[in-house]
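> The residues making up each chain are set out below.
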Amino acid sequence: MRDEGASAIVAHPQAIDAVSTDIQRDDGTTALTNLASRKALEFWSFKA
Amino acid sequence: MSKPIHAANRQLLGSSHALTRRAFMERAAALGLTAAAANSLWPGAAKAAPNKGGHAIIGCHGAQTTDSFDPASVPDMYISVTRTAIFSTLVEVRPDGVLSPLLAESYEASPDAKQWRFKLRKGVTFHNGKTVTPDDVIATMQLHLNPDTKSPMSSVLADVERVSKDGDWVVFDLSTGNADFPVLAAEYMLSILPSEEGVATWQEGQGTGAYRLENFDPGVSAKLVRNPDYFMADRGNFDSIEMLAINDKVARTNALMTGEIHVATQVPPVLIKRLEKVPSIALDMRTTGDFYTYDMLMTGAPFSDNNVRMALKHAIDRQQFVDIALAGFGVVGNDHPLGPFYEYHPTDLPQRDFDPDKAKHYVKKAGLSSLKVPIHSGQNTFPRALDGAVLISESAKKAGIEVEVVQEPDDGYGANIWGKKPWFASHWTSRAAADAILTAAFLGGQPWNVTGFDNERFNKLTLEARTVLDKDKRARDLRRDRAHHA
Numbered sequence: 001m002r003d004e005g006a007s008a009i010v011a012h013p014q015a016i017d018a019v020s021t022d023i024q025r026d027d028g029t030t031a032l033t034n035l036a037s038r039k040a041l042e043f044w045s046f047k048a
Numbered sequence: 001m002s003k004p005i006h007a008a009n010r011q012l013l014g015s016s017h018a019l020t021r022r023a024f025m026e027r028a029a030a031l032g033l034t035a036a037a038a039n040s041l042w043p044g045a046a047k048a049a050p051n052k053g054g055h056a057i058i059g060c061h062g063a064q065t066t067d068s069f070d071p072a073s074v075p076d077m078y079i080s081v082t083r084t085a086i087f088s089t090l091v092e093v094r095p096d097g098v099l100s101p102l103l104a105e106s107y108e109a110s111p112d113a114k115q116w117r118f119k120l121r122k123g124v125t126f127h128n129g130k131t132v133t134p135d136d137v138i139a140t141m142q143l144h145l146n147p148d149t150k151s152p153m154s155s156v157l158a159d160v161e162r163v164s165k166d167g168d169w170v171v172f173d174l175s176t177g178n179a180d181f182p183v184l185a186a187e188y189m190l191s192i193l194p195s196e197e198g199v200a201t202w203q204e205g206q207g208t209g210a211y212r213l214e215n216f217d218p219g220v221s222a223k224l225v226r227n228p229d230y231f232m233a234d235r236g237n238f239d240s241i242e243m244l245a246i247n248d249k250v251a252r253t254n255a256l257m258t259g260e261i262h263v264a265t266q267v268p269p270v271l272i273k274r275l276e277k278v279p280s281i282a283l284d285m286r287t288t289g290d291f292y293t294y295d296m297l298m299t300g301a302p303f304s305d306n307n308v309r310m311a312l313k314h315a316i317d318r319q320q321f322v323d324i325a326l327a328g329f330g331v332v333g334n335d336h337p338l339g340p341f342y343e344y345h346p347t348d349l350p351q352r353d354f355d356p357d358k359a360k361h362y363v364k365k366a367g368l369s370s371l372k373v374p375i376h377s378g379q380n381t382f383p384r385a386l387d388g389a390v391l392i393s394e395s396a397k398k399a400g401i402e403v404e405v406v407q408e409p410d411d412g413y414g415a416n417i418w419g420k421k422p423w424f425a426s427h428w429t430s431r432a433a434a435d436a437i438l439t440a441a442f443l444g445g446q447p448w449n450v451t452g453f454d455n456e457r458f459n460k461l462t463l464e465a466r467t468v469l470d471k472d473k474r475a476r477d478l479r480r481d482r483a484h485h486a
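Residue numbers (our numbering), protein chains in the order written: chain A, 1 to 48; chain B, 1 to 486.
For the record, the hints were derived by calculation from the structure and aren't laboratory data.
All residues carry an ideal CB built from backbone N, CA and C; glycine is no exception.
Treat the hints loosely; a few may be bogus.
Claimed, not checked - Using 25 Å as the maximum straight-line C-alpha spacing, the simulated DSS-like pairs for lysine-lysine come out as follows:
{"hint": "1", "chain 1": "B", "residue 1": "398", "chain 2": "B", "residue 2": "358"}
{"hint": "2", "chain 1": "B", "residue 1": "277", "chain 2": "A", "residue 2": "47"}
{"hint": "3", "chain 1": "B", "residue 1": "52", "chain 2": "A", "residue 2": "47"}
{"hint": "4", "chain 1": "B", "residue 1": "52", "chain 2": "B", "residue 2": "277"}
{"hint": "5", "chain 1": "A", "residue 1": "47", "chain 2": "B", "residue 2": "223"}
{"hint": "6", "chain 1": "B", "residue 1": "420", "chain 2": "B", "residue 2": "150"}
{"hint": "7", "chain 1": "B", "residue 1": "365", "chain 2": "B", "residue 2": "397"}
{"hint": "8", "chain 1": "B", "residue 1": "360", "chain 2": "B", "residue 2": "398"}
{"hint": "9", "chain 1": "B", "residue 1": "122", "chain 2": "B", "residue 2": "150"}
What the hints assert, rightly or not - According to the in silico footprint, chain A covers these stretches of chain B (three or more CB under 8 Å from chain A):
{"hint": "10", "region": "83 to 96"}
{"hint": "11", "region": "236 to 246"}
{"hint": "12", "region": "277 to 283"}
{"hint": "13", "region": "287 to 301"}
{"hint": "14", "region": "377 to 389"}
{"hint": "15", "region": "444 to 456"}
Claimed, not checked - Pulled from the structure, derived: some chain B residues nowhere near chain A, Cβ distances all over 12 Å:
{"hint": "16", "residue": "52"}
{"hint": "17", "residue": "106"}
{"hint": "18", "residue": "200"}
{"hint": "19", "residue": "210"}
{"hint": "20", "residue": "257"}
{"hint": "21", "residue": "317"}
{"hint": "22", "residue": "352"}
{"hint": "23", "residue": "398"}
So that you can see chain A by itself, here it is in the shape it has in the complex:
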């Protein structure tokens, strides 16, 4: 795969999302576009 494959893999990027501080994020959610947090919209809410 690495030496006979066809993929010149240049980088593994960081997910970098920017979120308004009006939004409260908890339950360990991270960047929305990170795999483990793609469900973040279920957990987020507006701060009071």
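Start from chain A and add chain B according to the hints.
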């Protein structure tokens, strides 16, 4: 015959800059704290209960006018985030990286992991009011198992011989044991759809998730409203969400800075320092299992010759790409899909360096006196993808290779460029399990393996690794292909 699998105890994700709740609890236990005391100290637990209400506006990248809820279509980020809010899978990967039941209230395996049984929650309804039944799960899976399907999940489910029901249980019988089958069931493309007379329907976007679809204009916006009947009562807090398709990264960032949107996905690394100074904006940065690649079609000249492929792999200055294009916010690739995010990331693999002399060597070995190739990329295939192609063009010059950069339109890139042009930019997103990405992108004959890579040894080892329950042995198997060629 069956034994329960306490998947909630299983840590799926590899490295993360954040301490997971599980790791926190383990460390707390090691310090002699009771679970209750540790729970009260967990930062997530200290936060106030979520407020219900409000209209959240998300500016998301990766939107196409061809986007749909068809589970067999090629999803980019916009539609996958939108789908995830609307639909539910049998199990889910929680934000802390733990696999947990979702539409299924529990699941269990036979001792040889060849049969997996999922017990459905009772009383869950789709957004159209229809009750979720085992028949809906079976019909959904048939979308991916049908011999004529174009679903990329067909390869992931290749070992499924039969899906049946037993009361409230859905039963998957596999041809070979697969210890990671529940992880695969968490793939969002396997979200459960409503069915009628054995046929699952996706066209109207009827799911069971926290938000229901009110309006969808592909490539433009989607309006979601809270599902009052969501079976996870403590989730789904916004009254409504507007998913705005903003593919331009600068426009997305500006919209956040001016308060027009609440979330901007994938902000440009070069703007990070500026955004860090804005008090009303918080940045979320996490290592992902994504990888950016420039893929070659092996099915025709010149890339059918591995010497040409190796020449180009050595003609790329990956460190320069990370330093310049990603402003340092990433890890250098090594022509291996399992980056540091994955549990089975090969840490002992020598880094493939930029080496013009080796590139020249391989050009000569291919029997060529010179090499001239076009490289195709959209502006936003991934952040700075086009700039990355320009960097490759510049570094390749040092190896005497001429690379012509061809800019392609972002809209329709997945349908018209990806897997169609001989050399093209490609962005693969993270998967819950290593097997899922190895299968989807590299296993011979799979629909998303568009480069034509079909290596007998790789195929054999990948399939064998699925049945290995011992994690250390599995790690060795997943690396053997690499070791063979290193």
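> A separate judgement is required for each hint: does it hold in the structure or not?
Evaluated hints:
1. 398/B - 358/B: Measuring from Cα to Cα gives roughly 11 Å; hence the hint holds.
2. 277/B - 47/A: holds (21 Å)
3. 52/B - 47/A: Satisfied, since the Cα-Cα distance of roughly 9 Å is no more than 25 Å.
4. 52/B - 277/B: violated (29 Å)
5. 47/A - 223/B: Judged against 25 Å, a Cα distance of about 21 Å means the pair holds.
6. 420/B - 150/B: Holds: residue 420/B and residue 150/B sit about 16 Å apart, inside 25 Å.
7. 365/B - 397/B: Cα-Cα ~18 Å, so holds.
8. 360/B - 398/B: Within the cut-off at roughly 9 Å; holds.
9. 122/B - 150/B: violated (32 Å)
10. 83 to 96: Since three or more residues must qualify, the claim that chain A covers the region 83 to 96 of chain B holds, with 7 doing so at under 8 Å.
11. 236 to 246: Answer holds; 4 residues pass the 8 Å Cβ test.
12. 277 to 283: holds (count 5)
13. 287 to 301: With 12 residues closer than 8 Å to chain A, the region 287 to 301 of chain B meets the three-residue bar; holds.
14. 377 to 389: With 3 residues in contact (Cβ-Cβ under 8 Å with chain A), the coverage given for the region 377 to 389 of chain B holds.
15. 444 to 456: Answer holds; 4 residues pass the 8 Å Cβ test.
16. 52: violated (7 Å)
17. 106: holds (20 Å)
18. 200: holds (22 Å)
19. 210: With a cut-off of 12 Å, residue 210/B comes too close to chain A, as the shortest Cβ separation is near 4 Å.
20. 257: violated (9 Å)
21. 317: Since the minimum Cβ distance to chain A is about 9 Å, residue 317/B lies within 12 Å and the statement is violated.
22. 352: Violated: least Cβ distance 8 Å, not greater than 12 Å.
23. 398: holds (16 Å)
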